[in-house]
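These protein sequences, in sequence, are chains R, V and L.
Position 237 (the first sequence) corresponds to 238 in my numbering; numbering is contiguous.
Position 198 (the second sequence) corresponds to 227 in my numbering; numbering is contiguous.
Position 95 (the third sequence) corresponds to 98 in my numbering; numbering is contiguous.
Be aware that a few hints might be false.
Straight-line alpha carbon distances no greater than 16 Å define the calculated EDC-like cross-link-like pairs of lysine to aspartate or glutamate that follow [stated by the list, open to error]: (1) L:K214 to L:E227; (2) V:K156 to V:D191; (3) V:K156 to R:D257; (4) L:K330 to L:D290; (5) V:K132 to R:E23; (6) L:K351 to L:D154; (7) V:K130 to R:D53; (8) R:K272 to R:D257; (9) L:K330 to L:D357; (10) V:K195 to L:E289; (11) V:K130 to R:E23; (12) L:K351 to L:E227; (13) L:K351 to L:D231; (14) L:K156 to L:D197; (15) L:K115 to L:E56.
Just so you know, these hints were derived from the structure itself, not from any lab.
If you want the building blocks of each chain, they are given just below.
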Amino acid sequence: MTLAAHSHAAKPLRKRIADASEPYLYSAPALILIIGVMLVPLVLGISYAFRDIQLLNPFSGGFIGLDHFRALGQDQAFFRALRNTLWWTGASVFLQFIFGLILALLLDKPFAGRGLVQALVFLPWAVPSFLAGLNWAWLFNPVIGPLPHWLHALGLLDAPNNILSDPQLAMWGPIAANVWWGIPFFAITLLAALQAIPRDLYEAASIDGAGPVQRFLSITLPFLAPTIAITILLRTVWISNFADLIVVMTNGGPADRTQIVASYIFTQAFKRLDFGYASAIALVLLVLLLVYSLLIVLLRQTMLNKG
Amino acid sequence: MKSKPVLTILHRLAILAYVVFALFPLFWLLKVSVTPNDLLYSEGVRMWPSRTSFDHYAFVIAHSAFPTFFKNSLIVAGSTAVTVTILASLAGYALSRFNFKAKYWIVALMLITQMFPLVMLVAPIFKMLSPLGLTNSLTGLVIVYTAFNVPFATFLMQSFFDGIPKDLEEAAMIDGATQFVAFRQIILPLTLPGIAATLGFVFTAAWSELLFALMLISGNDSSTFPVGLLTFVSKFSVDFGQMMAAGVLALIPACLFFLLIQRYLVQGLTAGAVKG
Amino acid sequence: MASIDIQSIRKSFGAFPVLHGVDLTIQDGEFIVLVGPSGCGKSTLLRMIAGLERISGGDLLIGGQRMNDVPPAQRGIAMVFQSYALYPHMTVRQNMEFALQIARMPKAEIDKAVENAARILQLTPYLDRLPKALSGGQRQRVAIGRAIVRDPKVFLFDEPLSNLDAALRVATRIEIAQLKEAMPDRTMIYVTHDQVEAMTLASRIVVLARKGIAQVGTPLELYERPVDEFVAQFIGSPAMNLLAGEIIATGAETVVRLDGGGTARSAVPTQTSDMGRKVNIGVRPEDLLAVSGDGLFSGEVQIVEALGEVTQLYVARPGGGAHIIAKLPGIHPDLRHKTVTFGADPAKVHLFADGRSLLYR
Ligand SMILES: Nc1ncnc2c1ncn2[C@@H]1O[C@H](COP(=O)(O)OP(=O)(O)O)[C@@H](O)[C@H]1O
Ligand SMILES: [Mg+2]
Chain R
2 MTLAAHSHAA
12 KPLRKRIADA
22 SEPYLYSAPA
32 LILIIGVMLV
42 PLVLGISYAF
52 RDIQLLNPFS
62 GGFIGLDHFR
72 ALGQDQAFFR
82 ALRNTLWWTG
92 ASVFLQFIFG
102 LILALLLDKP
112 FAGRGLVQAL
122 VFLPWAVPSF
132 LAGLNWAWLF
142 NPVIGPLPHW
152 LHALGLLDAP
162 NNILSDPQLA
172 MWGPIAANVW
182 WGIPFFAITL
192 LAALQAIPRD
202 LYEAASIDGA
212 GPVQRFLSIT
222 LPFLAPTIAI
232 TILLRTVWIS
242 NFADLIVVMT
252 NGGPADRTQI
262 VASYIFTQAF
272 KRLDFGYASA
282 IALVLLVLLL
292 VYSLLIVLLR
302 QTMLNKG
Chain V
30 MKSKPVLTIL
40 HRLAILAYVV
50 FALFPLFWLL
60 KVSVTPNDLL
70 YSEGVRMWPS
80 RTSFDHYAFV
90 IAHSAFPTFF
100 KNSLIVAGST
110 AVTVTILASL
120 AGYALSRFNF
130 KAKYWIVALM
140 LITQMFPLVM
150 LVAPIFKMLS
160 PLGLTNSLTG
170 LVIVYTAFNV
180 PFATFLMQSF
190 FDGIPKDLEE
200 AAMIDGATQF
210 VAFRQIILPL
220 TLPGIAATLG
230 FVFTAAWSEL
240 LFALMLISGN
250 DSSTFPVGLL
260 TFVSKFSVDF
270 GQMMAAGVLA
280 LIPACLFFLL
290 IQRYLVQGLT
300 AGAVKG
Chain L
4 MASIDIQSIR
14 KSFGAFPVLH
24 GVDLTIQDGE
34 FIVLVGPSGC
44 GKSTLLRMIA
54 GLERISGGDL
64 LIGGQRMNDV
74 PPAQRGIAMV
84 FQSYALYPHM
94 TVRQNMEFAL
104 QIARMPKAEI
114 DKAVENAARI
124 LQLTPYLDRL
134 PKALSGGQRQ
144 RVAIGRAIVR
154 DPKVFLFDEP
164 LSNLDAALRV
174 ATRIEIAQLK
184 EAMPDRTMIY
194 VTHDQVEAMT
204 LASRIVVLAR
214 KGIAQVGTPL
224 ELYERPVDEF
234 VAQFIGSPAM
244 NLLAGEIIAT
254 GAETVVRLDG
264 GGTARSAVPT
274 QTSDMGRKVN
284 IGVRPEDLLA
294 VSGDGLFSGE
304 VQIVEALGEV
314 TQLYVARPGG
324 GAHIIAKLPG
334 IHPDLRHKTV
344 TFGADPAKVH
354 LFADGRSLLY
364 R
């Protein structure tokens, strides 16, 4: 009896400790990895921005304070890249969103073969980004690709040339590839949100005499708004960091016309092996993106407070 | 609601346009890869060559480092997918089933990792891995890719676990199932779609990664597909047929995987979206 | 031996107390119904008995043995969840077999138990279906079947009928009553917020309120002798009417002058010291009678609900406030907008001081 009483008294404590540590045990491996391979390098990367780090120069490594940032302030290539980033991100996100939304609306209506169509139109997402880049570079190549010829036939191009080597038009190449590649992401996310809208709301609205446009404006859009806001925010951040397509298709050229900040960082790190300067640029990009996210969140907050 | 036939036709046409837009680039890749060299320029914009050949494929497989790239990528993407899925299942389960103090910090940390430019990590990671002998090694790549993919995969798995009512586990407990039996017979079968989606998602992501593969690997022996293909492109930049054949081959595993799991992926995102 | 002893059981979630000090003894073979407002801890108490929720303090004994730290499967209980909690990837048969297979029962016995339960619950034709191919009522019966096959000493039900429509709810309620009759020595604990389920099924009802037990008793005890205003208003539908007043005569019969003007006689005895005490009298709607001459109160009938066998009248309360509800047998369409005087048999008039019934002190 005493023995039993004793074991009863001891068990809950041990069990409670075991229970309390369970979630930590489960999440520890993932956390350790994230901290070790992402957070620590991030902190290191921030510190590199204030140091002279050149891979092939054994005498580098010293602290140089804000020198990189001073250099950055004089770096015309960086400011060009910044402008290009705005252009690249804005156009890509806008087009992906518009076409993604239309696709989601089209797929939200039941029809025979919807499953198959869904699999096919979402397929570009599975295409490795570098391959998407190569693929579109080839499509724009007049030697083997049809696009220049078609654009010429439509009167959009004076001659069937490669737009990727035309400084005025080059940026449209990676943007086209990015839109093709990114539509599925928007479509999937928006489709998921669309399917979460209760059907009877539409029925109630049509009984109230609302036409399709009114239904879209007064039900669909408000319901989608939170998803749209968060998706656009995340995608904007993500796309301004996304250098793969540009590195593969134009490598920033011609004449730096398609160099965005992310690919510029990559060029500095990979081609010049100047990690310190690359980290300084990355830090500036990070700060800009944080400010952007913060602004969006604040804007949303004030709009919510007003509404 | 009655749907007007005109609208229905417009709807189907729009869908068709999207399908064509989505598939045309891939179709073109395939078309050029089976066009014999002598027809490549003379039939440049024809939809399908008058004669097809698999010579490009034969060349790529037999006379390039392609099989090595393929094998390396398979190893890297496969190991990453499996590791990430295991880690993300554990973490996702913890986030879904437990209320613990650090939960919000963990979620915040994982969200933040989705925000910052990964390019920023190139240099520090290189500096960290090189004394460990993990640059130029597939293991190093797997570690890096695993870390990059764990946060999103964790959220994905969490949304799947959230979809399994806690009642089921409790019912199993009352039925006398041990934690292990409950996991194997109740949770696992019900999470299978989630696991498939996560595996597929991570596999595709790791299969496609280019920047870190370029930075951390030099030399053909441990190059992955993206890097290999890029070098291949610069080396054989005149032979489009061979490049595209290599491209088609690079595409196959990712697309197969995607077609298998896309249904679950949409499901998983739906579950996530419902919660907002 | 399935008596259950709940000894000063406490429960808090973090710093948030849900139950403080519940004491309850349940005999072998009883049908206990737990009722109480939403969020008062009914499910929590049931889940502590099941072993799904840690007990923060006190002891739980089943069959005389302390069960606080015994895993659910070894407590000799089975539970039917509100959501049914059927395993979605298993057929009806597999759902019912699951516990028995884990207990390593021989195949032949498992089959016998499952087929027997299926027959009782009329599930035989559906044994090889998945839960998603069943109707709500059938799923509910599978959940009950899953409990039956294990032949537990104690059945726990958490609002098992709340997801069914009205007709099905009545039918299933009767099935549960028959099930209990067929198993007289099994103890059942049943959580509901449905009055009728509580009154018809229970051998004893436990009313939970604000973190503890308000009253335990047979359905009629609770109906006739509620311990306080909370129980009085919780049991019975529509709820008991309360009218404020002051005691003006004490003794074997008490007289109360009501604030609205009338006087009430109650068979509840009081002492001289109670003179002048502020009280509420309580009268159930079905105990109010239309009288001529003096009564408890008079008021205009503002709403008439004809239910067929009875008519519910919503009467303006003298001095204002919520309607007083009266339930008269038969049909009375002519009473609308009339001013009616109501009285009641003194034996049916309850007395509450500071919320507590003067019957108990
Ligand atoms: N896991 C939990 N964590 C925190 N609070 C809980 C938890 N479960 C229940 N509660 C709280 O305990 C109280 C009682 O809940 P419950 O027993 O479910 O009530 P009900 O009587 O409606 O079944 C409620 O206030 C509820 O919010
Ligand atoms: Mg409850």
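Discussion item. Given the hinted pair K115 (chain L) and E56 (chain L), is their Cα-Cα distance within 16 Å?
Written reply: Violated: K115 (chain L) and E56 (chain L) sit about 33 Å apart, past 16 Å.
Item to complete: Below or equal to 16 Å on CA atoms is what counts here, so check K195 (chain V) against E289 (chain L).
Response: Given that 16 Å is the threshold and the Cα spacing comes to 44 Å, the pair is violated.
Worksheet item: Is the straight-line distance between the alpha-carbon of K214 (chain L) and that of E227 (chain L) 16 Å or less?
Response: 24 Å, violated
Practice prompt. For the pair we were handed, K130 (chain V) and E23 (chain R), check the Cα-Cα distance against 16 Å.
Written response: 12 Å, holds
Worksheet item: If you draw a straight line from the CA of K156 (chain V) to the CA of D257 (chain R), is it 16 Å or shorter?
Response: This hinted pair is violated, its Cα atoms lying about 28 Å apart.
Practice prompt. Below or equal to 16 Å on CA atoms is what counts here, so check K130 (chain V) against D53 (chain R).
Written response: 41 Å, violated
Worksheet item: Would the pair K351 (chain L) and E227 (chain L) pass a check requiring their Cα atoms to be no farther apart than 16 Å?
Response: Measuring from Cα to Cα gives roughly 8 Å; hence the hint holds.
Fill in: Straight-line alpha-carbon gap K132 (chain V) to E23 (chain R), limit 16 Å
Cα-Cα ~12 Å, so holds.
Worksheet item: Going straight from one Cα to the other, do K351 (chain L) and D231 (chain L) come out at no more than 16 Å?
Response: 15 Å, holds
Worksheet entry | Given pair status - D290 (chain L), K330 (chain L), alpha carbons within 16 Å | OK: K330 (chain L) and D290 (chain L) at ~8 Å, within 16 Å.
Worksheet item: Is the Cα-Cα distance between K330 (chain L) and D357 (chain L) 16 Å or less?
Response: Violated, because 27 Å separates the two Cα atoms, which is more than 16 Å.
Worksheet entry | Given pair status - D191 (chain V), K156 (chain V), alpha carbons within 16 Å | 39 Å, violated
Hint compliance for this structure: hints 1, 2, 3, 6, 7, 9, 10, 14 and 15 are broken, all remaining hints hold.
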